[in-house]
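*Asks:* In order, the protein sequences belong to chains B and A. Using this note's numbering, the letters of the first sequence correspond one by one to residues 58 to 365. Using this note's numbering, the letters of the second sequence correspond one by one to residues 15 to 391.
Since the hints were derived computationally from the structure, they do not count as laboratory data. Incorrect hints may appear among the rest.
[To be verified] Straight line, CA to CA, 27 angstroms or less: simulated DSS-like cross-link-like pairs of lysine-lysine: (1) A:LYS384 - B:LYS77; (2) A:LYS302 - B:LYS73; (3) B:LYS73 - A:LYS384; (4) B:LYS284 - B:LYS227; (5) B:LYS77 - A:LYS64.
[Claimed, not checked] Going by beta-carbon spacing under 10 angstroms, a handful of chain A positions derived as facing chain B: (6) LEU28; (7) LYS29; (8) PRO172.
All residues carry an ideal CB built from backbone N, CA and C; glycine is no exception.
Below are the chains, spelled out letter by letter.
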Amino acid sequence: MTATDYAIDVAGVTKKFGDKTVVNAVSLQVRRGEIYGFLGPNGSGKTTFIRMLCGLLTPDVGTGTCLGFDVRTRQRDIKRHVGYMTQRFSYYEDLSIRENLDFIARLYDLPDRRAAVDHSLERLGLVNRSRQLAGQLSGGWKQRLALAACLIHSPQLLLLDEPTAGVDPKARREFWDEIHQLAADGLTVLITTHYMDEAERCHRLAYLAYGQLLARGTVAEVVATAKLTTWIVTGPGLPPLAAALRGRDGVEQVVAFGNTLHVSGRDAAKLESVIADVRAPTHEWTCVRSGLEDVFISLMDGAEDNFS
Amino acid sequence: MNGFAFHRLWAVVLKEFIQMRRDRATFGMMIGIPLLQLTLFGFAINSDPKHLSTAIRAADQGPFARTLVAAMRSSGYFNLDHEATTEAEADRLLRLGEVQFVINIPEDFSRRLLRGERPTVLLEADATDPAATGPALSALRALSDRVLDRDLTGPLAPLRAKAGPVDFAIHAHYNPENITQYNVVPGLMGVVLTMTMVVITALAITRERERGTMENLLATPVRPFEVMVGKILPYIIVGYVQVTLILLAAHYFFNVPMLGSLPLLYAVALLFIAANLAMGITFSTLAKNQLQATQMATFFFLPSILLSGFMFPFRGMPAWAQWLGSCLPNTHFLRIVRGILLKGNGLAEIAPEIWPILLFLAIVMTVAVKRYRQTLD
């Protein structure tokens with residue numbers, strides 16, 4: 058294996074299904090030991106992109122390496138060193154936790170299989186449930202099992218496709234602590250999510266919509282790319298104010314957050330002139346750093362314009 | 015197979031065994047189907063039906079008529095349980111299906127017989143099902159030639175039936191008594207194996223895909239060939255359990271003769287089981303979901319039972335149907351099983367039936383491996 062700084066280094070990766078371009082010329086670099094967040098609306102091509110990284114699909118166009126192996130030709134080597142957790146629970150519901158882990162361990166031909174299974178049961182706190190059938194587990198425990206199973210062969214890269222969908226906040230918190238621990242030990246993690254709090258816990262992010270990579274970088278960098286200005290309004294009578302703002306030139310988003318209103322737009326000057334119009338002393342207006350969610354929605358709207 | 019690894023194959027085999035053990039319904043089906051089919055075909059279905067309800071309308075009660083009726087009764091085919099006095103009543107019995115036959119003995123039967131006029135006895139049959147009436151009618155023909163010989167003695171002797179110009183001697187080989195079970199029970203082996211083996215494996219890969227486990231499997235280093243063989247191996251054992259069950263029943267319940275070598279039969283059964291499992295695997299790579307897989311299996315099963323010579327005589331079918339039947343492994347396996355058990359055939363005699371099964375296995379397996387590779391890309 059070549060010693061490269063990047064766990065994932067691909068350029069111009071494109072995948073078509075029929076005449077539909079699902080992933081369009083995506084380039085991505087992920088450093089070793091990094092937690093990389095992969096965001097985007099449903100159907101944006103995230104899963105397809107991940108499948109190309111772990112050797113399940115071959116890109117139509119584009120080149121690159123995953124863990125130093127060519128993604129087009131060395132798919133078998135990639136599979137050996139990558140742990141892939143599918144979006145849907147994909148272990149055997151009619152097998153117990155231990156049987157599932159043992160099956161995977163056998164497939165990878167681990168030298169000390171029993172010890173590896175025991176170790177992974179311990180680390181994920183599954184020892185007491187090892188005889189339970191996977192189908193009887195709750196969502197959170199299924200997710201733990203899936204994580205244990207894709208870590209059992211000590212991969213160098215973990216690809217997690219919406220691992221926390223439908224998992225309660227406490228289990229999510231524990232899951233992310235575990236991910237950070239793994240990354241600290243040198244594991245590279247690429248993770249897709251729809252949760253903004255999770256996106257903020259990643260070292261770096263990429264935003265994919267309609268098969269296009271729209272933004273990437275740290276949270277601050279991504280926010281900066283969007284060049285979005287956001288104002289927060291507090292005060293009485295917010296619903297009529299929101300109605301008055303919607304549809305005005307320069308106002309792109311008007312979102313109610315509890316007792317506040319977030320108003321944002323890409324053109325700061327235009328936005329300010331609209332605000333000057335409706336500004337009343339009863340309301341307090343503050344200009345803030347745009348949130349990730351505002352940024353992503355703005356990116357998506359912008360992309361929609363380009364594609365329609 | 016480049017990169018084949020036994021440990022991965024073994025992993026799949028073990029997993030399949032655990033899943034088989036947990037899936038009670040399927041496990042029950044694998045044992046239940048042979049038992050059910052044995053009971054149905056072995057005990058209930060009879061291609062030489064006897065004791066058929068018969069009505070008699072005898073206008074002549076003389077000794078000749080009585081002899082005739084007694085002979086019919088003792089042939090075993092006719093159950094003389096109805097009596098009709100008028101033609102209308104006889105018609106009604108036939109139409110309602112109360113009786114299969116009506117025998118009409120005319121009132122001048124004895125008189126015309128004595129005059130040497132060859133009187134006619136009218137036998138009316140409900141021939142909607144030829145299989146039901148056929149054997150009884152041929153038994154009747156045979157008996158009519160000789161039945162009255164005992165009564166036609168002395169001066170009446172010249173009235174006895176005369177022999178035709180040629181006498182055919184028929185010697186029924188292998189199953190002289192025409193016992194249906196001798197034919198059906200060995201044939202069941204192929205039918206049961208086709209039915210269960212194809213369905214079980216047709217579901218095997220479709221189920222993995224439907225439950226989402228296939229994606230996971232593909233992301234591991236396991237090879238298509240390993241998955242496929244790993245899914246086939248456990249069911250070979252199941253197939254052998256079924257074969258043994260049928261052989262035991264054939265021997266102990268139906269007294270089917272076993273003239274040939276059982277080890278040879280077991281060896282050939284392996285090929286046949288593998289061919290069916292491979293067929294099922296191929297279906298499961300083609301089908302989009304488990305329902306489709308089951309439908310495909312049924313689609314394969316029907317010609318296997320109808321065109322193989324199990325239900326109907328193979329040589330009685332039109333050429334195209336024979337040709338189609340020859341493509342099915344069950345056709346050849348039936349001949350092998352019947353050959354070994356009933357005729358005592360050895361390897362040399364069954365060899366012509368082995369290679370078509372081998373060819374079938376090779377083709378189907380190739381398709382399966384080719385199709386499996388494409389599943390995600």
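*Asks:* Work down the list of hints and note, for each, if the structure agrees.
*Replies:* Going through the hints against the structure:
1. Of the supplied pair hints, the one linking LYS384 (chain A) and LYS77 (chain B) holds, its CA atoms being roughly 25 angstroms apart against a limit of 27 angstroms.
2. Under the criterion of a C-alpha separation no larger than 27 angstroms, the hint pairing LYS302 (chain A) with LYS73 (chain B) is consistent with the structure, at around 21 angstroms.
3. Our distance criterion of 27 angstroms between C-alpha atoms is met by LYS73 (chain B) and LYS384 (chain A), whose separation comes to about 22 angstroms.
4. Restraint check for LYS284 (chain B) and LYS227 (chain B): not satisfied, since their Cα atoms lie roughly 34 angstroms apart, outside the 27 angstroms limit.
5. Pair hint LYS77 (chain B) plus LYS64 (chain A) does not hold up; C-alpha atoms about 69 angstroms apart against a cutoff of 27 angstroms.
6. At about 7 angstroms, the closest approach between the beta carbon of LEU28 (chain A) and any beta carbon in chain B falls short of 10 angstroms, and the interface hint on this residue holds.
7. Taken as an interface hint, LYS29 (chain A) checks out: its beta carbon lies about 5 angstroms from the nearest beta carbon of chain B, inside 10 angstroms.
8. Because the beta carbon of PRO172 (chain A) sits about 83 angstroms from the nearest beta carbon in chain B, more than 10 angstroms, this interface hint is broken.
Comparing the model with each earlier hint shows violations of hints 4, 5 and 8; every other hint is respected.
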